[in-house]
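Chemist: Whenever a hint applies, use it, and build me the whole structure from the sequences.
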Amino acid sequence: MNSATLWFLLAFSVLYIVLILFAHKGRAAKGTGLTEFFVSGRDLGLGTAIATLGATEIGLITIAYNAQKGFNEGFSAFHIGLAALIGCALVGLFGFVVKPIRRTGVLTLPEYYEQRFGRDVRVFGAIVMAAGGILNMGLFLKVASAFLAAMLTANGIALNVNVLMVTLIAVAVVYTCYGGMRSVIITDIFQFVLLGAGLIAAIVFLSGIIPMDQAIEIVAREKGPAGFDPLTNDNFGPGYALWMVLVAGVVSAAIWPTALSRALCIEKEENVQRAYLIASVIFLSRMVLPAFLGVLAFCYFTGANAALLEGYGSDADLVATPYMLGHVMPGWLLAFLAVAMFASFMSTQDSYLFCWSSIIARDIVGPLTGKIDAERFQIMTTRIGIFVIALYELYWGLIYEGKEDIWDYLAVSGSIYFCSGIVLMAGGLYWPGATRRGAIWALVLGFTAVFGLGPLKEAVGLEGLSSPAIGFGAIALSVLGFVVGSLTDAKGRAQPKGARS
Amino acid sequence: MSVDAWTALWVVLLWGSSGAFLLVTFYILGGALMRIFGKGNGAGND
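Going line by line, the protein sequences match chains V and C. The numbers in the working numbering rise by one with no breaks, and the one at position 276 of the first sequence is 276. The numbers in the working numbering rise by one with no breaks, and the one at position 34 of the second sequence is 34.
No lab work stands behind these hints: they were computed from the structure. Some clues are possibly wrong.
Claimed, not checked - If you want the footprint, here are the derived chain V segments under chain C, 3+ residues with CB under 8 Å:
| id | stretch |
| --- | --- |
| 1 | 275-286 |
| 2 | 352-362 |
Said to hold, decoys possible - Label pairs and their in silico Cβ distance ranges:
| id | chain 1 | residue 1 | chain 2 | residue 2 | range |
| --- | --- | --- | --- | --- | --- |
| 3 | V | 316 | C | 19 | 39 to 45 Å |
| 4 | V | 131 | C | 23 | 21 to 27 Å |
| 5 | C | 23 | V | 368 | 44 to 50 Å |
| 6 | V | 103 | C | 2 | 42 to 48 Å |
Stated by the list, open to error - In silico contact screen, one side only, chain V against chain C (beta carbon under 7 Å); selected entries:
| id | residue |
| --- | --- |
| 7 | 47 |
| 8 | 75 |
| 9 | 78 |
| 10 | 120 |
| 11 | 193 |
| 12 | 200 |
| 13 | 226 |
We treat Cβ as the ideally placed atom computed from N, Cα and C, and that holds for glycine.
Modeler: As structure tokens, this is what we get:
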């Protein structure tokens with residue numbers, strides 16, 4: 001047991017909790033009501049909007065999956081960050097979806113479905129959205145626990161992964177139930193700064209141990225051109241790169257509810273595009289910086305240190321980066337980084353738990369029970385939802401055994417929602433001819449993206465198709481259903497929009 | 001693109017993103033501190 005690291009860890013943890021409480025002081029809910037609880041009173045300034053967008057999208061899971069990609073694919077994994085930068089910058093430049101959705105004044109995204117297509121589309125769309133989103137976050141807890149445990153175990157602090165999972169989720173639930181969206185946003189600012197400092201400190205420290213020249217040389221020797229060129233890498237290629245512009249860029253920024261809900265919280269409409277344009281840098285960094293840590297871990301475990309990973313079997317690529325961090329960093333820096341990683345886990349976890357539970361409460365349970373505007377009922381249902389989703393996360397983390405990289409699991413599970421989500425959002429906002437029938441057909445056909453998940457793909461004999469191919473296919477089917485459904489729905493097109501709910 | 005060109009691109013992207021990330025972090029930290037210590041609205045409440 002490394003007692004010095006443990007003391008540093010304890011000290012930084014206490015400091016972190018004190019600072020979080022200090023950040024909340026005098027900034028708790030400024031009022032009551034659904035707008036306060038669900039969109040933080042819609043009063044975000046530019047800086048806060050960027051921080052909360054960045055903190056939500058950089059979680060411990062983000063660091064883990066990008067480090068895994070960097071470890072497996074070398075520098076060519078950086079193309080995912082470039083794709084994210086391009087996609088998010090395009091959203092910021094043109095205000096694609098984010099600008100018009102802010103103008104609608106809705107509190108949740110399915111609420112827009114009702115404004116545009118009718119109440120049944122709101123409920124159906126919310127079910128698809130919540131199913132894809134909850135499935136997507138299924139591995140967050142497991143991966144975060146494995147990452148933190150490997151990091152601390154390598155430094156002589158033995159931790160049980162299952163105990164860590166229960167502890168992490170318990171803290172997340174209590175804290176997320178506390179103050180709704182405002183509570184999430186206040187802590188996001190603090191967590192973003194802490195995480196930024198931790199990541200940069202780790203990279204600067206590790207670059208002293210494995211200089212860039214040496215890293216390039218090792219990757220070139222061990223992986224060849226595929227370690228640099230994503231277009232010739234067998235696991236990537238042009239189709240994958242294009243899929244990344246869509247998934248890691250456009251969808252992550254403009255369609256994914258945890259990010260898009262930030263646009264709903266921004267006070268001034270003109271700040272929405274600015275926030276996304278500046279945040280595109282974060283979308284780049286959140287992929288590239290952890291991927292570089294993964295590249296450094298690959299270099300570290302090539303040669304004399306290779307034996308250190310032997311006991312981890314197929315999880316070696318996942319634990320390599322945290323194990324390296326725990327192995328080489330001094331106790332105080334490791335403790336600081338562990339708290340920064342914990343903060344990054346919390347910043348994503350709170351946003352995700354809150355986002356999906358609020359959609360369940362407001363857009364599924366609310367319309368079905370006729371209590372959409374019942375404040376106490378909505379807030380209570382959201383809190384129950386947070387608890388139930390946390391239990392599921394614990395369960396799913398223990399049973400899912402897919403063989404794909406974590407990032408590919410996230411992209412595919414997310415596509416269950418976004419393959420139809422992007423069609424409904426963009427089609428609804430930009431095509432006046434869209435109708436309820438088209439929306440329902442798009443939702444049904446977009447759900448075919450579920451066949452991109454490893455176990456299901458094998459079950460239906462689609463192993464020959466790549467996940468991007470299945471994803472693009474599902475989007476194409478959804479667009480087809482949306483267009484054909486709308487064009488054949490003369491009655492729906494004749495109906496005024498306001499009369500549809 | 002040659003491997004050398006890809007390498008140069010990734011090196012520029014890495015250091016560029018590190019610098020930009022640091023700048024955004026300072027911008028947000030500065031705004032938050034200004035709000036906490038009451039020196040105007042800061043970046044967080046502009």
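Chemist: State whether the coverage of the stretch 352-362 of chain V by chain C holds or is violated, taking the criterion as 3 or more residues with Cβ-Cβ distances under 8 Å.
Modeler: Per the Cβ count (0), the hint is violated.
Chemist: Would the hint on residue 193/V be counted as holding, given a Cβ-Cβ threshold of 7 Å to chain C?
Modeler: For residue 193/V, the interface hint holds, since the closest Cβ of chain C sits about 5 Å away, which is under 7 Å.
Chemist: Lying within 42 to 48 Å: is that true of the beta-carbon distance residue 103/V to residue 2/C?
Modeler: Since residue 103/V and residue 2/C have Cβ atoms about 47 Å apart, the given range 42 to 48 Å holds.
Chemist: Closer than 7 Å between Cβ atoms is the bar; does residue 75/V clear it against chain C? Give me holds or violated.
Modeler: 4 Å, holds
Chemist: If I claimed the Cβ atoms of residue 23/C and residue 368/V lie 44 to 50 Å apart, would that claim hold in this structure?
Modeler: About 47 Å separates the Cβ atoms of residue 23/C and residue 368/V, which means 44 to 50 Å holds.
Chemist: Was the hint right that residue 200/V lines chain C, CB cutoff 7 Å?
Modeler: 6 Å, holds
Chemist: Holds or violated: the hint that residue 120/V contacts chain C, with Cβ atoms closer than 7 Å.
Modeler: 40 Å, violated
Chemist: With 39 to 45 Å as the target window, see if residue 316/V and residue 19/C comply at their CB atoms.
Modeler: With Cβ atoms ~32 Å apart, the hint is violated.
Chemist: For the stretch 275-286 of chain V, count the residues whose Cβ lies under 8 Å from any Cβ of chain C; is that count three or more?
Modeler: holds (count 5)
Chemist: Return holds or violated for the Cβ distance of residue 131/V and residue 23/C against the range 21 to 27 Å.
Modeler: Check failed, 38 Å falls outside 21 to 27 Å.
Chemist: Classify the hint on residue 226/V as holds or violated, based on whether any CB of chain C lies nearer than 7 Å to its CB.
Modeler: Hint violated; residue 226/V Cβ to chain C Cβ min 10 Å, cut 7 Å.
Chemist: With chain C as the partner, please determine if residue 47/V meets the hint condition of a C-beta pair closer than 7 Å.
Modeler: With a closest approach of 3 Å, the residue 47/V hint holds.
Of the hints listed earlier, those the structure fails to meet are numbers 2, 3, 4, 10 and 13, in rising order.
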